[in-house]
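Taken in sequence, the protein lines are chains D and V. So the first sequence is numbered by this note's numbering: it starts at 1 and just counts up by one. So the second sequence is numbered by this note's numbering: it starts at 1 and just counts up by one.
Any given hint might turn out to be false.
As the list claims (entries may be wrong) - These stretches of chain V come out as covered by chain D in the derived footprint (C-beta under 8 Å, 3 or more residues):
id, stretch
1, 20 to 28
2, 55 to 69
What the hints assert, rightly or not - List of simulated lysine to any residue pairs, SDA-like, C-alpha gap at most 25 Å:
id, chain 1, residue 1, chain 2, residue 2
3, V, K107, V, E17
4, D, K57, V, V93
5, D, K14, V, V93
6, V, K70, D, E44
Quick caveat, the hints were computed from the structure, so don't treat them as lab data. Since this is a predicted model, take the numbers as computed values, not measurements. The beta-carbon is built from N, C-alpha and C at its ideal position, and this holds for glycine as well.
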Amino acid sequence: DTGVSQNPRHKITKRGQNVTFRCDPISEHNRLYWYRQTLGQGPEFLTYFQNEAQLEKSRLLSDRFSAERPKGSFSTLEIQRTEQGDSAMYLCASSSRGASSYGYTFGSGTRLTVV
Amino acid sequence: SQQGEEDPQALSIQEGENATMNCSYKTSINNLQWYRQNSGRGLVHLILIRSNEREKHSGRLRVTLDTSKKSSSLLITASRAADTASYFCATVVHDMRFGAGTRLTVKP
């Protein structure tokens, strides 16, 4: 296990289409986080899982966004009816402890372009 | 919403010089972390400093934390061209929130 894996690396979609991204965390990490990053900005928190439970969701996560982590391993982030404003880098991170004790390991991200 | 604010937004120096980046934040924190991001890639964890610590070192990195001023600084000594990247501070209360970052360019 070499780290956090995100697929696809790049996704171009037409406005109105649905997209799904996948994140495979480090296998022994029970915590998984999704962030969104736009050009020139820092990552913005979207949501957080501990095992399969989704414990926190940002208000940035509108009803068009849904995230799952069905078996407490990999996670998916789906965006329905994509809009041009959804164009961003979507980053996944995992950790074995909370952020109060430990840093996060980030994947390389999925870059979404909505045309 | 983002917690921290880095200063400066961009920094350009010559190889061998030291680079100092600052971070200010608004609320009480459990710890503060610094991350590095190369263009178009994910973030790499550099260092974590707890709220009861004032200074921490890791290789060429030195981080300070002043909780009374709600500020932190990251010093990179003897910079190298390979240090060119964006650097983010992240404050931790219950989860982690990032600032907008400092874009560091180290010229060979």
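Hint by hint, work out which the structure violates, then give me just those numbers in ascending order.
Numbers 1, 2, 5, in rising order.
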